[in-house]
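Colleague: What follows is each chain in one-letter form.
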Amino acid sequence: DGGITQSPKYLFRKEGQNVTLSCEQNLNHDAMYWYRQDPGQGLRLIYYSQIVNDFQKGDIAEGYSVSREKKESFPLTVTSAQKNPTAFYLCATRSWTSGNTGELFFGEGSRLTVL
Amino acid sequence: AQRVTQPEKLLSVFKGAPVELKCNYSYSGSPELFWYVQYSRQRLQLLLRHISRESIKGFTADLNKGETSFHLKKPFAQEEDSAMYYCALRGSSNTGKLIFGQGTTLQVKP
Numbered sequence: 007d008g009g010i011t012q013s014p015k016y017l018f019r020k021e022g023q024n025v026t027l028s029c030e031q032n033l034n035h036d037a038m039y040w041y042r043q044d045p046g047q048g049l050r051l052i053y054y055s056q057i058v059n060d061f062q063k064g065d066i067a068e069g070y071s072v073s074r075e076k077k078e079s080f081p082l083t084v085t086s087a088q089k090n091p092t093a094f095y096l097c098a099t100r101s102w103t104s105g106n107t108g109e110l111f112f113g114e115g116s117r118l119t120v121l
Numbered sequence: 005a006q007r008v009t010q011p012e013k014l015l016s017v018f019k020g021a022p023v024e025l026k027c028n029y030s031y032s033g034s035p036e037l038f039w040y041v042q043y044s045r046q047r048l049q050l051l052l053r054h055i056s057r058e059s060i061k062g063f064t065a066d067l068n069k070g071e072t073s074f075h076l077k078k079p080f081a082q083e084e085d086s087a088m089y090y091c092a093l094r095g096s097s098n099t100g101k102l103i104f105g106q107g108t109t110l111q112v113k114p
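Residue numbers (my numbering), protein chains in the order written: chain R, 7 to 121; chain W, 5 to 114.
Mixed in with the good hints, there may be bad ones.
Footprint (simulated), chain W over chain R, 3 or more residues, beta carbon under 8 Å [as the list claims (entries may be wrong)]:
hint, region
1, 33-46
2, 49-58
3, 112-119
So the derived list for chain W, only partly shown, Cβ under 10 Å to chain R, looks like this [what the hints assert, rightly or not]:
hint, residue
4, V8
5, Q46
6, G100
7, Q106
Hints were generated in silico from the structure; no laboratory data involved.
The structure displayed is predicted, hence computed values, not measured ones.
Yeah, the Cβ is synthetic: ideal placement off N, Cα and C, and Gly gets one too.
Can you make the complete structure from the sequences, with help from the hints?
Modeller: Pasting the structure below:
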C-alpha cells in the first residue's frame, strides 16, 4: 500500500546529532527527490537522484547528504551542519517510462524536531 | 531564474462561491505547470497539469503565457475542497524536478 514509505513519521533530535530519514519505494520509479516543507515557504528541493549511484544537489542542499545505492531507497541524512533542521521532509518519486505524465508521487512525510 | 509565486497564503470563501487560486511563474522557456493538493492528513497529490487541459473535481487551470499565470478556478466551491494547494513548474531540463510555490490554504466555510 502507498508505494512510498517514509520513516520515521516523527523524529526528535538533539542539537549536534546527525539523523537519517528513510525513503523506500516499490513503484519501480527511477527518480527520487527530497523536499523540505516549511509554512509559508512551500516545498524546497534538497537533493534528487535520477538513477542509481547518482544524485544532484537541489536548491537547499547545505547540511544534508544522500545516497542512492539501490533503486528502491534514497535515505536523507540531516547533519549537524544544517542550521535550521526542524521541518517536515517529503520524499517523492517519478517514473521515466514513456507515457508518464511527469507526475511526482509523494510519501507521507517525516517531521523532524530539533530540541 | 525559475520561480513560482502564489500571492495568497489563505483564501477563505463560502460554500457555493467561486474560487480562484492565483499562480504566477517566472521561466524563460516553455514550462510545464501543475497544481498539487494536500488534504488534511493525506499525501500531497497531483490535481491537474496544464498539458492535459482537463477538469478535475470541478477545477480548471489555463496557462496564460502572456501573463505568465496558471490560476486555478472552480465555479462553486465545496467544503471538501478545503486543503493546501501548491502550484508547481517544471522547466525543460530532463531532471524531472518541480519548483513549487509557497502554497495557498483554501478554506471553504459552510
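Colleague: A separate judgement is required for each hint: does it hold in the structure or not?
Modeller: The hints, checked one at a time:
1. With a threshold of 8 Å between beta carbons, the proposed coverage of the region 33-46 of chain R by chain W holds, since 4 of its residues qualify and at least three are required.
2. Counting residues of the region 49-58 of chain R whose beta-carbon sits less than 8 Å from any beta-carbon of chain W gives 5, enough to reach three: the coverage restraint holds.
3. Evaluation of the coverage hint for the region 112-119 of chain R: fulfilled, as 4 residues show C-beta separations to chain W shorter than 8 Å, against a requirement of three.
4. Given hint, V8 (chain W) at the interface with chain R, holds; its Cβ is 8 Å from that chain's nearest Cβ, closer than 10 Å.
5. For the restraint placing Q46 (chain W) at the interface with chain R, the shortest Cβ-Cβ distance is roughly 9 Å, inside the 10 Å limit, so the hint holds.
6. At a threshold of 10 Å, the smallest CB-CB gap from G100 (chain W) to chain R is about 5 Å, leaving the interface hint in force.
7. Below 10 Å, beta-carbon pairs count as interface contacts, and Q106 (chain W) has one with chain R at about 4 Å; its hint therefore holds.
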